[in-house]
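Produce the entire structure from the sequences given, and follow the hints as far as they go.
As you go down the protein sequences, you meet chains A and B in turn.
In terms of the numbering used here, the first sequence opens at residue 13 and continues consecutively.
In terms of the numbering used here, the second sequence opens at residue 8 and continues consecutively.
Hints listed in this document are in silico derivations from the structure and should not be mistaken for laboratory results.
Quick reminder that beta carbons are idealized off the backbone N, C-alpha and C, glycines included.
Check before you lean on any hint, since a few could be wrong.
Sample of chain A residues with no beta-carbon within 10 Å of chain B, all distances over it, derived [claimed, not checked]:
{"id": "1", "residue": "Trp41"}
{"id": "2", "residue": "Ser80"}
{"id": "3", "residue": "Arg222"}
{"id": "4", "residue": "Glu223"}
{"id": "5", "residue": "Leu264"}
{"id": "6", "residue": "Val289"}
{"id": "7", "residue": "Val307"}
{"id": "8", "residue": "Lys359"}
Each pair of labels, with its calculated beta carbon distance range [said to hold, decoys possible]:
{"id": "9", "chain 1": "B", "residue 1": "Asp25", "chain 2": "A", "residue 2": "Glu331", "range": "39 to 47 Å"}
{"id": "10", "chain 1": "A", "residue 1": "Ser95", "chain 2": "B", "residue 2": "Pro179", "range": "21 to 29 Å"}
{"id": "11", "chain 1": "B", "residue 1": "Asp25", "chain 2": "A", "residue 2": "Glu111", "range": "44 to 52 Å"}
{"id": "12", "chain 1": "B", "residue 1": "Lys377", "chain 2": "A", "residue 2": "Gly375", "range": "25 to 33 Å"}
{"id": "13", "chain 1": "A", "residue 1": "Ser116", "chain 2": "B", "residue 2": "Ala273", "range": "17 to 25 Å"}
{"id": "14", "chain 1": "A", "residue 1": "Glu331", "chain 2": "B", "residue 2": "Ala37", "range": "40 to 48 Å"}
{"id": "15", "chain 1": "A", "residue 1": "Thr228", "chain 2": "B", "residue 2": "Val260", "range": "52 to 60 Å"}
{"id": "16", "chain 1": "B", "residue 1": "Ser144", "chain 2": "A", "residue 2": "Glu87", "range": "17 to 25 Å"}
{"id": "17", "chain 1": "B", "residue 1": "Ser147", "chain 2": "A", "residue 2": "Glu111", "range": "32 to 40 Å"}
{"id": "18", "chain 1": "B", "residue 1": "Ser77", "chain 2": "A", "residue 2": "Glu270", "range": "33 to 41 Å"}
{"id": "19", "chain 1": "B", "residue 1": "Val75", "chain 2": "A", "residue 2": "Leu165", "range": "19 to 27 Å"}
{"id": "20", "chain 1": "B", "residue 1": "Glu118", "chain 2": "A", "residue 2": "Ser260", "range": "54 to 62 Å"}
{"id": "21", "chain 1": "A", "residue 1": "Thr228", "chain 2": "B", "residue 2": "Ala273", "range": "39 to 47 Å"}
{"id": "22", "chain 1": "A", "residue 1": "Leu165", "chain 2": "B", "residue 2": "Asn182", "range": "22 to 30 Å"}
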Amino acid sequence: MPPVQQKTRQQTKMKQFIYFIRKEFFHLWRDKRTLFILFGMPLMQILIFGFALTNEVKNAKIGILDNSKDEMTTEIINELEASRYFDIEENIHSNADLEKAFQSGRIKMAVVFPDRFQDELMHTNKAPIQLIGDATDPNVANTLINYASAIILDYQEHMKGFQQYPYTINSEVRMLYNPQMKGSYNFVPGVMAMVLMLVCAMMTSISIVREKEMGTMEVILVSPIVPIRVVIAKMVPYFLLSSVNIASILLLSVFVLEVPIQGNLVLLVSECLLFTVTVLALGLLISSVAGSQQVAMLISLMGLFLPTVMLSGFMFPVENMPIPLQVISNIVPAKWFYYIVKNIMIKGLGFTYVWKETLILLGMTVFFMVVSVKRFKTRLE
Amino acid sequence: MRALRILLEKEFRQVFRDPAILRMMFIMPAVQLIVMPLAADYEVKNVKICIVDYDHSTYSQKLTNKIVASNYFKLVDYTDSYEKALEHVEKDEADVVLQIPAQFEKQLVKEDKSTLFLALNAINGVKANLGGAYLRSIISDFNRDVRLDWIQMPRFNPVPLIEITSLNWFNPLMNYRFFMVPGILVILVTMTGAFLSALNIVKEKEVGTIEQINVTPIRKYQFILGKLLPFWVLGLIILTIGLIIAYVIYGIVPVGNILTIYIFAAIYLLAVLGLGLLVSTLVDTQQQAMLISFFMMMIFILLGGLYTSIDSMPGWAQTFTKFNPVSYFIEVMRMVVLKGSSLYDIRSHLGIVFIFGVVLNSFAVWNYKKRS
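Take a look at the structure:
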């Protein structure tokens, strides 16, 4: 073959490829409703979850059974009420009331003062207070009891007639990275991982199956275009769409949720783009495995949603999980991405701290791509 | 009535003929219910601590030993450089840094007063708060030991002492799984029901078979009912499988009456499926149906109180949860399974979800047009 002819063949191939990408763009562009959802959904989610999701405990409803009703119990109750952790539920006058309030879920914790609390404290120097937590949610119960104990102990330290002990150790506490203890610092990187993961995986997972279902796949199969180009052409429009989403998510995080980007912006954006490609490739893999749109969607949503939320480490600490799950969590791409974003965005660390995780994402991408191209059948069964 | 029966027969056949969907409908929730609760453990334990000791005294040794001996902390590094400790935090190898300053013991003995520095990784606020609280309680314990070394305590309490005792009701062992399993089951039932019903009508639109139904004398409400009932049955089957898994694997036996759960679930499923069908009548393609219903589900689920407590959400989000059917079912499930609440206790939940069901299904019937 003379070299000139070879060159023109190359050009036609390139042209084919570009036409193919254009075709995919048209698909995406013409479905305005889907497009609207794809742009709107991540924004809404980052806003809703950024503001509403927090595992801080505040304004928890508590019941108080004050059998003593003296000066001191009133003071302690005031202290509890003044803290931002507790809201006091009125109308509790007996053990039966207390039980009913717990039963119906109206209160999360109860503080029980015995009768003659102050008398006993003043005369025997000792008096009990009972804290009862609703341990259906053990975490909240534990936290509330800890907070309440701290408030009561604080009150005791500053009680009238109390003199300072000698040999006192003070502790000074510094909150690193998140001095205001805002929940969004933890959740924004997590929500970013979740939103990108789900939008990208779902969209691409449908795209190939859809052609199969509609029958247009046959047209593609008889065309001279090679599988890898079909697969890549499918990714391009969604990749661009995701880039827009990444930009808007970052803007919202910084200006609306006030989560600053401490690290290098270029590094952060490139990591986001890398993750997008990983997930797009995962979506294509699902697409080449699934037989119908319904199956593809069920896999990419049901199959990816819970593992992403639960195993990526932003809701539940990975080190608490049983060992087999810790191992499994390693194959969840969102876990690595969450780690990377947290380190760059919140801690402000550089590439030297995340290169291993970046490499893992890169490896996953290559793996997904290779498998989905291999599985892309050039004939219909 | 006959029309409805025939329609139901068609729907059931369609569902059972697709083994891939059927498999996924039952196996995926089952697997997730078995695996996911194992991951759901918020409990703060094994807080990783790094101790920076500039003092190297008997007291700093004693304090270190006391911290290591407690069950809460895992000592990552014992060093004399704060920079090194901070690097551990940066790499996520440590959560807490305790810095014992030089002259700590000397100051304590000579000046009656000394200060320790704690630095907590506060990205996860809860962990930081609890880790800090544990550490401070160990320090104050240590403080008491030190005082005992130096002063003769009187036999009786010299100062008033409030004794705090705590009790954990409903779940005395503080088992997190009792809390998570019922909630995850709700989510799985909801997701399967909502997605499948949302995809159903629109699939007929996409494939074109809806035209055939439109020319039959089947009434609109019969059509919707025919779509609703098969998934309603499937939803209850998934719930049953889930409850069996909860019992066999996690040993969870509902404290309350199991019938209460079923009564609520029956009505709840009507609401969820109604929502799915409404979406299905609104959209043109399966893709749109999936996106919209997924978008709603994600918000419903994450704001439903399974993962984070509704009480700590801002006001507008709490108002929103009043319109969130998922949050009602999660609450009811926990109330019945863990606290043994009765039908009477959950009557308001039941009423509200019933209204949801009626409204959503009427909308779906109204919105379904027999011509394109």
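Original post:
In ascending order, which of the hints set out earlier in this document are inconsistent with the structure?
Top reply: When the structure is compared with the hints, numbers 3, 7, 8, 12, 14 turn out to be violated.
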